[in-house]
Amino acid sequence: MKTNYILNTIFAFLLLSLSACNDLTLGPEPANNPETNFEQLWQQYDRLYGLFGAKKVDWPAVYQKYRPKVTNGMSDDAFYTLTTQVLDELNDGHVWLLAPGSPARRHDSGPDYQKGDFNLKLVRTTYLQEVREFSLAGDVQLVSGTLPGNIGYIHFRDFGQSRSFYEKAFEEALSALRDTKALIVDIRDHEGGDDRVSQYVAGRFASTRNLFMTSRLRNGPGHGDFTEPTEWYVAPTGSWQYTKPVALLTNRITESAGETFTLAMNQNASVTQIGDTTYGIFSEITRRELPNGWIFSVSVGDYRAADGKSYEGIGIAPEITVVNTPADIVAGKDKVLEKALAVLGQ
Amino acid sequence: MKMLFSTALLSVGWLIASGQPSATQQSASELQVGLIRETVKTRDLQTSPMLYMGNLNGLRVGFTQRWNRHQLRVNLRAATGSYVAPGLGVRSFSFADEATEGGTPAQPLVLIPTLYRGGVDVEYLLRFRETPNHRQTWWGIGFHEQAGYADGVAMTTWAMNTASASLLHHTRWPFGRRHLVALNVSLPLVAAVTRLPYSNVVSSPDESNAKAFMQGTQWETLPRFINPQVGLSYRFRVSPRWSAQAAYRYSYLRYPDPELIRTAAHTATLSLVYHFNFIQP
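Chains as they are written, first to last, in full-length UniProt numbering: chain S, 1 to 346; chain V, 1 to 281.
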């Protein structure tokens, strides 16, 4: 009996000791040096990036081009510059690199379209009447009002809040404009957000159910390994729909969920897209980090319009192209808005 | 789910068949309320190549109903705390070009993720042996649900959920009338494991993120899902109604998909135990 007691005690302590040792099985962390950081960065994009095919990027060739330039002796700044060059090969506005510090360093891959062709303050002060704001936590998310000729106006900053916020705020804004003869939906300088919000808001203008997008996400190490396509439909949402003529205003800074919204809105027969081509970034992103603490984003999906084409890096061209210059804005003139008023006023 | 229930039912059936009912059943109940201090170390290659460490504080509530030859234990626990990679430290990001309208520089972004961990255990055990000095050996089956969520790990969301049916071992060593040492061991036999998918993104037009996340649940068994737990506790009977208990538990988790995750958690608990409907000594 005493033997059993001793054996049990030994068993208990052995289990506890083994458990403490098990911490070691968490595995070693990778070294923090330029060569390891480069390998980590390249491998993460290799296994996760979803647009090699759509953008025709030869990723192994990028490795061959840049790997010989990386040495453990290179400075932090030199490695940062080289890393930005690697990411620029993707030419993807959803891809960025962020290095902590004061000041922090941030680099965005993709085209750097100049801002300054849109100013909401100008619209509010020069054109808009009966202005209403819809805010969340002190930030104005949505601005509505009326324009000459009984035309309504709604501007979305982004679709970054929960769907329930838009269900309530947009319902209120749209209801106030229900009796207008036409509406301008302005998504210039739209910063993106949740595609489900895009789908919901576009549904407030829909009278039929239409496919507007398919999405696939990487699900394996091969560059062609994707999930089955998910179909995104725009269909009537809310208690009623605004089916009178709508002008959708876009510019080069209309991004991401602003663009999936554009795809959805363009399926509605009552909508005319006016302004400039959108930025050209659609995919969901995830984020990763390197042993040196830098964080980077990766586009993990292949998003296609209803016509089966990828508009990544291209953007959605408007039906009527009108582009403000920064000088127009400084002069107090919004040619895009005025064109929309003219089209809707006809 | 069907598999989990079948395994649980079969195991309970086997345990009941193996145990021998007592001629006169006596029962004892206890309620435990405790404070948790937990250290969690994780290397999840799905999120980061770095080891993350969480220092968590939390609460635990437990209920035990014990009869002569079998017992039912229910535990609820929740803890939260910072979750930082020691190799990276606390990172802050200051942007010189970002200023508020008044011209004041924007506050730097300080990246300190928060980890939330919670769980529910429902365990049924049968007494298999008791020595003349009252050392008891119990075996049983348990349903263990464990959920974890962290925001801001590499500026993204981390989440994991496991629901498992486990084999349990419990040994009690009473020392005199006031002291009790207990050993608890559990090993999952089958588990439902939910992790973010390969892309690390859930995106669905018709479902919430939580629902889309749960749809990625995979059924797993040993050796793909490894999650042994071992615990040791000491209890001091302060009075017929009250005891104080100190416990330590270690758990290790290893799961290979979509990328390897390994976690070691050390949990210390200080509990107050209230005895009611107890067997009179």
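Hints are computed from structural coordinates only; laboratory data are not their basis.
Every residue gets a Cβ at the ideal spot worked out from N, C-alpha and C, and that includes glycine.
Hints are supplied without guarantee of correctness; some may be wrong.
To be verified - Beyond 12 Å from chain S on every Cβ pair, some chain V residues (computed):
hint : residue
1    : SER29
2    : VAL33
3    : LEU45
4    : ASN55
5    : GLY58
6    : VAL122
7    : THR194
8    : LEU196
9    : VAL202
What the hints assert, rightly or not - Output of the computed footprint for chain V on chain S, the stretches with three or more beta carbons under 8 Å from beta carbons of chain V:
hint : stretch
10   : 99-111
11   : 142-150
12   : 173-184
13   : 194-201
14   : 209-220
15   : 227-240
Closest CB of chain S to the CB of SER29 (chain V) still more than 12 Å away = With a cut-off of 12 Å, SER29 (chain V) remains clear of chain S, as the shortest Cβ separation is near 27 Å.
Mind taking a look at whether chain V covers the stretch 99-111 of chain S? Criterion is 3 or more residues with CB to CB distance under 8 Å.
-> Coverage by chain V holds for the stretch 99-111 of chain S (6 residues, Cβ < 8 Å).
Over 12 Å to the closest beta carbon of chain S is the bar; see if ASN55 (chain V) clears it.
-> 15 Å, holds
Status of VAL33 (chain V), Cβ more than 12 Å from any chain S Cβ = 25 Å, holds
Beyond 12 Å from each Cβ of chain S, as asserted for LEU196 (chain V) | 9 Å, violated
Just checking, GLY58 (chain V) versus chain S, shortest CB gap more than 12 Å?
-> 20 Å, holds
Against chain S, does LEU45 (chain V) keep a CB gap of more than 12 Å to every residue?
-> Label violated. Min Cβ-Cβ 9 Å, cutoff 12 Å.
For the stretch 194-201 of chain S, do three or more residues have a beta carbon lying closer than 8 Å to a beta carbon of chain V?
-> Three-residue rule met by the stretch 194-201 of chain S, so holds; n is 3.
Can we confirm that no CB of chain S comes within 12 Å of the CB of VAL202 (chain V)?
-> 9 Å, violated
Given as covered by chain V, does the stretch 209-220 of chain S meet the bar of three residues or more with CB within less than 8 Å?
-> Answer holds; 5 residues pass the 8 Å Cβ test.
Residue count check for the stretch 227-240 of chain S against chain V: does it reach three with CB-CB under 8 Å?
-> Contact hint for the stretch 227-240 of chain S vs chain V: holds, 5 residues under 8 Å.
Quick one: see if chain V covers the stretch 173-184 of chain S, three-plus residues with Cβ-Cβ under 8 Å.
-> violated (count 0)
Checked against the numbered hints above, the structure breaks hints 3, 8, 9, 11 and 12 and satisfies the rest.
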